[in-house]
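Listed here are the chains, written in short residue letters.
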Amino acid sequence: KAGVTQTPRYLIKTRGQQVTLSCSPISGHRSVSWYQQTPGQGLQFLFEYFSETQRNKGNFPGRFSGRQFSNSRSEMNVSTLELGDSALYLCASSLGLTLTGRNTEAFFGQGTRLTVV
Amino acid sequence: ILNVEQSPQSLHVQEGDSTNFTCSFPSSNFYALHWYRWETAKSPEALFVMTLNGDEKKKGRISATLNTKEGYSYLYIKGSQPEDSATYLCAFNNNAGNMLTFGGGTRLMVKP
Numbered sequence: 490k491a492g493v494t495q496t497p498r499y500l501i502k503t504r505g506q507q508v509t510l511s512c513s514p515i516s517g518h519r520s521v522s523w524y525q526q527t528p529g530q531g532l533q534f535l536f537e538y539f540s541e542t543q544r545n546k547g548n549f550p551g552r553f554s555g556r557q558f559s560n561s562r563s564e565m566n567v568s569t570l571e572l573g574d575s576a577l578y579l580c581a582s583s584l585g586l587t588l589t590g591r592n593t594e595a596f597f598g599q600g601t602r603l604t605v606v
Numbered sequence: 002i003l004n005v006e007q008s009p010q011s012l013h014v015q016e017g018d019s020t021n022f023t024c025s026f027p028s029s030n031f032y033a034l035h036w037y038r039w040e041t042a043k044s045p046e047a048l049f050v051m052t053l054n055g056d057e058k059k060k061g062r063i064s065a066t067l068n069t070k071e072g073y074s075y076l077y078i079k080g081s082q083p084e085d086s087a088t089y090l091c092a093f094n095n096n097a098g099n100m101l102t103f104g105g106g107t108r109l110m111v112k113p
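Line order of the protein sequences matches chains A and B.
The letter at position 55 of the first sequence is residue 544 when you use the numbering used here, and the numbering goes up by one with no holes.
The letter at position 47 of the second sequence is residue 48 when you use the numbering used here, and the numbering goes up by one with no holes.
Just chain A, with the same shape it has in the complex:
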């Protein structure tokens, strides 16, 4: 079973540019979440998509946006890049809920390392 795939793995962008990151979840998983990891802040939740709808949103500015397609693949976009956006961006997929309504574990991709110069 293929794991969570994130592309690209590494990216260098200039301040002011915009960037799109991609995440392909495990087959059958309908929930995709995005996280930002910086040395000082640890893993911070960006947003979650479930069946093409944003279900949860973290405390990030509107420059950060995302979407999910009908095949559950998700993209994350950051516009007007700032130096502080340099981080590892992780995507996680999960089934969503079990039949008993409980959370299932999240499976993480290897991340996209974004450097803004």
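Check each hint, because a few of them may be wrong.
Taking lysine-lysine and the DSS-like style, the derived pairs with C-alpha atoms no more than 30 Å apart in a straight line are [claimed, not checked]:
id, chain 1, residue 1, chain 2, residue 2
1, B, K70, B, K112
2, B, K112, B, K79
3, B, K112, B, K59
4, B, K70, A, K546
5, B, K79, B, K58
6, B, K79, B, K60
7, B, K60, B, K70
8, B, K43, A, K546
9, A, K502, B, K43
Read the hints as simulated data drawn from the structure, not as lab findings.
Position chain B relative to chain A; hints supplied.
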């Protein structure tokens, strides 16, 4: 803002030692508590998802307990091995979605 705290921040142990870490989280609106292991240059890997007060889960030499009333979980590693060296993260979930609030992690280093 949800506060999830982990202690200690880092830990050095000798091979064969047993060790444990703590994760504290809000005791209200509890839905699930996750534990992940994150090795350098790899993806975080799920260890446990715990949902019921008093839950105890075990996977090989690693086990975890959960107290939702007082808002803490312990992760235990019995007979640590060098391959256990990693950062151990706990994550709190307070709703039916998959929004996880992570603690800062405990970085474990096991010396041979």
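Discussion item. Given the hinted pair K70(B) and K112(B), is their Cα-Cα distance within 30 Å?
Written reply: Roughly 36 Å separates the two Cα atoms, so the pair is violated.
Fill in: 30 Å Cα cutoff - pair K112(B), K79(B)
holds (15 Å)
Worksheet item: Taking only the CA atoms, is the gap from K502(A) to K43(B) under or equal to 30 Å?
Response: Judged against 30 Å, a Cα distance of about 24 Å means the pair holds.
Worksheet item: When you check the alpha-carbon spacing of K70(B) and K546(A), does it fall within 30 Å?
Response: Given pair K70(B), K546(A) holds - Cα atoms ~27 Å apart, limit 30 Å.
Worksheet item: Holds or violated: are the alpha carbons of K112(B) and K59(B) at most 30 Å from each other?
Response: Cα-Cα ~23 Å, so holds.
Worksheet item: Keeping to a limit of 30 Å between CA atoms, is the pair of K60(B) and K70(B) held or broken?
Response: Holds. K60(B) to K70(B) sits at ~24 Å (cutoff 30 Å).
Worksheet item: Within a Cα-Cα threshold of 30 Å, do K43(B) and K546(A) meet the stated pairing?
Response: holds (26 Å)
Discussion item. Tell me if the straight-line CA distance from K79(B) to K60(B) falls inside 30 Å.
Written reply: OK: K79(B) and K60(B) at ~11 Å, within 30 Å.
Discussion item. For K79(B) and K58(B), compute the direct alpha-carbon distance and say whether it is at most 30 Å.
Written reply: With a Cα-Cα distance of about 14 Å, the restraint between K79(B) and K58(B) holds, given a limit of 30 Å.
Consistency note: the structure conflicts with earlier hint 1 alone.
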